[in-house]
Structure formats: structure tokens, C-alpha cells
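A.B. asks: Put chain B on the given structure of chain A with help from the hints.
Those sequence lines, one after another, are chains A and B. 3 is the number that our numbering gives to position 1 of the first sequence; each next residue is one higher, with no gaps. 44 is the number that our numbering gives to position 36 of the second sequence; each next residue is one higher, with no gaps.
Derived by calculation from the structure, the hints in this document are not laboratory data. Mixed in with the good hints there might be a few duds.
Partial selection, computed: residues in chain B whose CB lies under 10 Å from chain A [what the hints assert, rightly or not]:
no., residue
1, Pro142
2, Gly146
3, Gly149
4, Ser235
5, Ala240
6, Gly241
7, Pro259
8, Gly263
9, Tyr264
10, Gly284
11, Ala286
12, Val290
13, Glu293
Covered by chain A, according to a simulated footprint, are these stretches of chain B (three or more residues, beta-carbon under 8 Å) [to be verified]:
no., stretch
14, 25 to 37
15, 268 to 275
In this text, a Cβ means the ideal position worked out from N, Cα and C, and glycines have one as well.
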Amino acid sequence: MGKYGRGQSHVHLAWRWVSERGLRVATGDATLAYYASLIAMALPDVEDIIAGDDSLLVILRQGARVPPELRSALTEPLADRVRRPNGKRHEIEVEYGGVAGPDLPALAKRAGLSVAAYVDLHAATAYTVAFLGFQPGFPYLRGLPPALQTSRRASPRQRVAPGSVAIGGCYTGIYPAGGPGGWHIIGRTGAALFDPQRDVPALLMPGDQVRFVPA
Amino acid sequence: MIEVLRAGLCDLVMDLGRPGRGTLGVPAGGAADPPALAAANRLVGNDAAAAGLEITLAGPRLLFPLGGVAALTGARFAASRSSGAPVAWNETLVLAVGEVLTLEGVETGCRCWLAVRGGLAVPQVMGSRSTFLPSAFGGQGGRSLRTGDVLHCGAAASEVRLLRAFPPLRGEGGCLRVVAGPQASQFDDAGLTAFFGSPYRVEAASDRRGLRLAGAPASHHRAELTSQGVLAGAVQVPPDAQPIILGWDGPVTGGYPVIAGVIAADVPRLAQLKPGDAIRFVTIEVEAARAQAAVPWTIEELG
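Same shape as in the complex, but just chain A:
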């Protein structure tokens, strides 16, 4: 079950099919670089490209074969120019703790830190948007210091406030909209993470750099 397709002898990326339209490519640490490279190709038979933790899902149009250009892009070394994609830099103002961040005291205690030290560490770190998922505009931010990493809540909250800044596993993220959520809430931002009426609806895009600034 689950065939590994190895296109040609010099292929170095493994891929597997999610369906005959969805090609999941193991891109590892180079996921964002491959993402930038493949998006720039704008292949007509590619309907969408979705970044994940360490893979890309390339969604082909129904009935389309793997385009030769895509096959080449996945079998040849990345061009140097796309190795370090240039994302935008953002500073996100956050109100930490209190009603805005109900899980902050317990999280700080579990980490063996004072609340102030926990906040300082969270805000001192430069994060990279690894991918968006879960909700439109929800960024998975990579770079969370190991001391702050923690498993998700045992039972998800029925309702999380929009703009909630959260910790889930090795990621920190921001809930653009209200709704149920299983991450620990440490603060809240007023930044509009997602607005379907904007030209670019998501504030943060894969490859962007983010810093949190205590309000």
C-alpha cells in the first residue's frame, strides 16, 4: 500500500499520492524554498500548492499528468536564488495574559518560568511562517524555543476569541477567527489576520518573518 513513486534515477525527493490529483512531496527543511520555486513556475496543470510541516501537496487539475517541468523541479537541485526565500517582516502587537491569555500562568509554571520570563522569551524570538492551515489565515509559526513547546490542550475550547495567540506543540500561532481550538491561549492581538475582502486576504504568508511585541 502507498507506493513511493521515484520518477527517475537521480530523484532525491520522495512523493506519494493522496489521490490521483494530490502529489505529496517530502521536501523536508527545503519546503519553503520548493514552495517559492514551484509557485513561481505557475504551471497550468497545477491547481494549488499547499505547504505542510515538511512536505508540499501539489494539487493537479483533474485528469492532468505530472507536468515534466514539475518532475524536473523535484529531481534537480534547487537554484541558489530560491534557497533563501525573502518573506515580509511583521511585528504583531500582543496583549499577553489576563483575559486575553488565560493559559499563560499555567504554561509558564509548567515551563518553570515566571510569567514575565515566559513572555520575554516568546516575544524575543523571530518566527517564520511555515504554512497556513486549520482556518483561513491561521499561521503555523516555526522557531518556538524548546522551553515553550508543549502538547495541545487535553480538551479543546468550544470557543477561542479571534486574534488569540496560542501555543500548540512546536508551533506558536494566531487564531484569525473565533471558533473551537485546542491550543493554549497566551495572549491576543488586534491585527486582522484574515480578511476575505482584502487583495491579499491573509496577513501572514509562508516564508514571512514574525516578531511579537508586548502591548
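C.D. replies: Chain B alone, transformed into the frame defined by chain A:
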């Protein structure tokens, strides 16, 4: 123009969706059976991509104060017209001034599509008029229709012709064709045997985000929780070993192992599954799946 005299269970404005925005965390969405909506549109002289209504399980009561031209495709619902004329499926319906079209409960299947001449003129959001309920945008204010809503229609592009549509023959019964998934190797033999060899029942907690199934446990080795891209039709298996088929409005990334993916030609068939239905999975190869191109509906003049 349409006045909603009584809303149905979940009447959603839908067109062919907004593919290509997964990077933003937005799934393609759109009509659950795009060829069926496209056929309804052609019956009323619309472009295939015009917006219509997707109606689920129990339908609305709709007043056409100015009359109109409409068509229904998909599952048959108990239906009537105030004029007493029959409500034919897959045919152009000419509605008189002040006529009321009433849809009650579904007879077999789950969803139907109602196209109206000119298309529903709700604003486009991110390139589409489709409703996306999870984030409440698109369609009629990001929600299902409510009693009292008034829907406006666009300008009609062509003259009225009386047409009949014939759906393509699709696989019968509850057998869905799947391609083995990227994490099938994380499942144990018992799990694979269960998934590919036994029936599953569609659970009540199913919607356009996903179809929850119940049946023999598709057991797997506890997989690491990493999020990977997914698409409609992907079959995820959470730790409880009960599969979930991701739907049209499902998340674009998922953290559970994907045991299989429903082939593109069979994803529209998911539209007609409702709680209590039994389904089975049968695997085919990627090349064979790709050859199952979408068979278009045929349309001919009503003679």
C-alpha cells in the same frame, strides 16, 4: 428575484468554488457536485459557473414574484409548484409571475442544485460566490438562507430554451474508488483489512467539512502529529480509528494519517451520502483513476 418564504435545512449559494487558495488556508469549496450545478445552469441558459443554490436534506419554499426560469439537478426532493405544474428534475422549468416553488424532504440521496436564469447575484468574495460556512464569508452573507431573504438574479445572457439534461452514469451503490494514501504503511494489517474490506456507516456529525464514518477500526501505529496538505476526498484516520473523508470545506492541512484518497471522479458522489448510508472502499491505481475523467452531462432540446 426570489423571496425565501421558508428556508430549508441548509440552503447555500454555491458556484464552482475558489480553487488555488490553499496557501491562504482556504479550501476550494464550491458546489459538492460541480457537474450537476453546471448542468442546472446550462438548462436555464447560464454560464456553467453561475451561482445557484445547493439544497441539503430538506428544501426551501421560494416565491418568484417576477416569475423566472429555473432548473433542478441532483437528488430528488418531494416538490410542488403553486401553479400545480409538475416539478421535473433535469429540465428547464418556466415559472409564472408570483409562482411558489416548494421543496420538502429528500427522497433518495442528500443534495440537489437549483439554478435560476441569470444566476444568483451575491457579491464575489475571493473570486467566487460560494458560501464558506466555517469562516462565514461568500454567498448570502456567509450563511445559509433564512426565511425572509431576498435573492437577486443577474442579467440573462441568452434566450430561453426548453432543455433536458441526462446525468452521466456513475458507479452505483456505496462503493467509492480510492487511491491508497501516503500514510497507508502506518496502518497495521488489521486496520488495512478493515478499511479496504468492510463497510462503513456515515455518521450524523457529517457536513461539508467532512464525512465521519463508523465501522471496523482502521487501526494504525500512533503517528506523529505533523500537519500535511490534504484535499477533498482524503480519508484521515484519527486515533479512534474511525475514518473521516474530508469534504469540500475541509481544512487544507491535516495531522492524522491519510489511509486513502477518493478519486476525483468519485468526490461528487460524496454529495449524495447522508447519515446512515453504508459505503465501501475499493482501491485502484493512480493511472486508472486519472483515466476516469469527468463525464459531462448531455443536454438536448425538450421535444
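A.B. asks: Hint by hint, say whether it matches the structure.
C.D. replies: Quick rundown of the hints versus the structure:
1. Pro142: holds, 7 Å
2. Gly146: holds, 7 Å
3. Gly149: violated, 12 Å
4. Ser235: holds, 5 Å
5. Ala240: holds, 9 Å
6. Gly241: Holds, about 5 Å.
7. Pro259: holds, 6 Å
8. Gly263: holds, 9 Å
9. Tyr264: violated, 13 Å
10. Gly284: violated, 25 Å
11. Ala286: The hint is violated - Ala286 of chain B has no Cβ within 10 Å of chain A, the shortest such distance being about 22 Å.
12. Val290: violated, 13 Å
13. Glu293: holds, 9 Å
14. 25 to 37: holds (count 9)
15. 268 to 275: holds (count 5)
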